[in-house]
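Participant: Each chain is listed here by its residues.
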Amino acid sequence: MTKTLKKPYTIKIGRRLHYSRKLSILTTFFALILAFGVAGVFFAIIGLNPLEVYSYIGGVFTSPILLLESLKRAIPIGLAALGLCVAFKMNFWNIGAEGQMYMGMFASTGVVLLHVYYGLFPDYLVLLLMILGAFFAGGLWCSLPAFLKAKMKVNEILTTLMMNYVAMYFVDFLVYGPWRDPKGYGFPLSIPFPDYSKLTIIFGEFAYGGLLLLCVTAVLVFIILRYSKLGFELRIVGESIDTARYAGINLSKVITLGGFIAGGIAGIGGLTIVSGIIGRLRPRASPGYGYTAIIVGLLSALNPWLILPVSIFFGGLFVAGDILQATLKIPGAAVEMYQALIFLFIVIGEFMKRYQITITRGGDS
Amino acid sequence: MEELVSLRGIVKHFPGVLANDNVDFTLRRGEIHALLGENGAGKTTLMNILYGLYRPDSGEIYVKGRRVEISSPRDAIKLGVGMVHQNFKLIPSHTILENIILGLKEVGLIINYKKISEEIKKLAESYGWRINPDTYVWQLTAGEKQQVELLKLLYRDAHILIFDEPTSVLTPQECRILFQALRRMAKEGKGIIFITHKLDEVLAISDRVTVMRKGKVVITKETNKTDVSELAQYMVGRPVLFTIEKERSQPSGEAIIIKNLKAFNDKGVLALKGVDLVVMNNEIVGIIGVTGNGQQELVEVIAGLRKAVEGSLIIDGTNIVNSTPDKIIELGVAYIPPEPLRYSVAPNLTIIDNLFLKAYRYKPYSNGIMINWRKIHEKANELIKNFQIVSPSLSAKAKSLSGGNLQRLILARELSGLIGERIPRLIVAAYPTKGLDIGAAEFVHKTLIEYSRKGSGILFVSEDIEEALMISDRVAVMYDGRIISIFRPGEIDIEKIGLMMAGVEIASTS
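Sequence order for the protein chains is C and H. Under the numbering used here, think of the first position of the first sequence as 42, with each following residue one higher. Under the numbering used here, think of the first position of the second sequence as 6, with each following residue one higher.
Just chain C, same shape as in the assembly:
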């Protein structure tokens, strides 16, 4: 027949049946190298020496002061990522950690304002109430899309993403409007938090108190996922909704509760921003920690123990971004770009882990 015709190359994508841990770690490592490589090309294009840029980035992780700064940033990121561990475990693709953090900031600031203006409770209870408030606000913010998904199969990716903007602009409204500090010279800021409402009261340095909070939450998340009834149910729901239904699991209860816990932990992440890093509420208080948390969660393979180191790495990237902007006058967009590149290559790496790509030249018949 058409024997003389050359067969074209064909690309086949097949699922890998299994992949080793070694391959998985290697792939992630390789993805990071590639991301920095490609980012380097861009840095070179905008007229910078990539090696100089990298040395600034590397410097973040070798200087104790900057490392402490990275740890501060790692705390909200890590908390939001821990919440995502719970959500992703049940296959609930929560893109809304950012919004849930804003709701956490809103609630904790609300508690502070109530206390300052009305003095309803003693000083030592304020921080505890802030944590509770942040947890509930973030949790409710996330349980709404979870409930809609469970009851009406509304796609959670859309609802959680959209609700981020609602939350963010709601906080904008508050600080530009009713919650603006009367002594703040018209700046859109809340009043500064009194000391008893700041996380610095635990160990003096916010990073230490935050670290404690992060570690305790990681242990709790681990226990929930591994040893609780709810954790077992989340795992089954994540594996297959049909199987969960068959097993007699109350889907709307489990999904809504799972969403509540996930959002609640992100809400506490929001609290650490206003009550730790900044010390007051201001618009756009989160530079996208909630989105970074998605990368952190996926990169940690939803393992609570890995969240801490991975968040410190990404926290460090934020610090590095600030330093690059200040010293090398790199535009903020370029910094965001190289963070996005890292994300992109990690996603590609995850794909390569799960699928095998073979290129063959069709056999001749």
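Please keep in mind that the hints were generated in silico from the structure rather than gathered at the bench. Quick caveat: nothing in here was measured; it's all calculated off a predicted structure. Each residue gets a CB set at the ideal place from its N, CA and C atoms; glycine is no exception. A portion of the hints provided could be inaccurate.
Stated by the list, open to error - With a straight-line Cα cutoff of 25 Å, these simulated BS3-like cross-link-like pairs (lysine-lysine) come out:
1. H/LYS150 <-> H/LYS127
2. C/LYS192 <-> H/LYS272
3. C/LYS294 <-> H/LYS221
4. C/LYS63 <-> H/LYS404
What the hints assert, rightly or not - To be clear about the criterion: a stretch of chain H counts as covered by chain C if any three or more of its residues have a C-beta under 8 Å from a C-beta of chain C, and this derived list gives those stretches:
5. 285-292
6. 337-351
Given chain C's structure and the hints, the job is docking chain H onto it.
Facilitator: The following block gives chain H in isolation, referenced to the frame of chain C:
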């Protein structure tokens, strides 16, 4: 006789399995060649290699004496090799004609529908099939869909035809029509490979038979020089008992009373049109019927997974219709659904997770908040032993288990009284032996009978008439959303049951 196909020394590895171990196979012009073997024997792998879906690790393929490389189904079709799969690959919302044209390569820019339509009609008539090419595929019965699949191949001049368990979806009558067509094709000089694990089909239709076991060819023989028991022995490697010792039980009290049950299927069509049925304690009631006559909907309504629009289900004086699945589980209803990997097992979770898929939330395995993994581990080890589940470890993923072991896992979970420490009041088993080899199916049968002796009422849905007759105390025929006849095994002969399944004859016995 000319050899159409010759496979020589085919070897194919899958991770952890040697699916084909140095297999030789020949197909002659004008013969029907049965390929017999249990599930996992390597039959389908071998045929997928011939059809270009897999490439062999080593070995040679000859078609009409010429060495060929088949690297895709497209190559296979060019060589005249066609395959009718178990699951039809037709598009329901298109017509027969459109489905056939879809697979054609040389249609040009403008399709001459009229000409192709005429040709298809003629082709169908030559096999005695009445087919209107403009009918939509969703309107067809399983048998007709199979005919369309076959027409697709014949229209493309395929003359090496592979059938993968073609009778599994057919009524006895449809089988007969298929067999007639197969004989005719053989007479025309085509070669037919017939994959099956049913011995009677081998004897009924084939000229030669090749038996495979564990990836190897055991024997190739003229069919008229062998018999059922010899083939069975080749197939499983040991003599098989074809009957199960079973004393008829003495039913006492109703396990479930189903009254005038009505429900829709997924497409919104009324699939249960008023089902009435009683299952007594100690009794196995077999439900037979062609797949798609409401069996699936019936078991789902009982398990609480599908809403009924009318009727009642009474268990122990309580009407459980439209209760939630957990309430029904707590009442002691065990449900073994069809296709374990679709939802009764979470394939990526561990064996221990799957064993406790339902019991994890009840005492003593949970206190309502935390799970007592120590208790669960103890019990799991016991279940593994009692139900002879062969697995590398408790924390291996369920998908690593073979079909038989998976079904044992499900039986262990559903029957062993994990919830409330008692045996199930009612066991609903839908196609529990489908796809299992003889040994594993035998284990399922024995287990069900054992539990009926212990007092469980059992509703056993099967598409295998002989299996249902063998283990049931009473058999109900389901057709078009109703139970149209109930009888005891032996009261009605198989041929008549077949007619009832096809809706042709409605018996007046009850």
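Participant: Check each numbered hint against the structure and report the violated ones by number, ascending.
Facilitator: When the structure is compared with the hints, numbers 3, 5 turn out to be violated.
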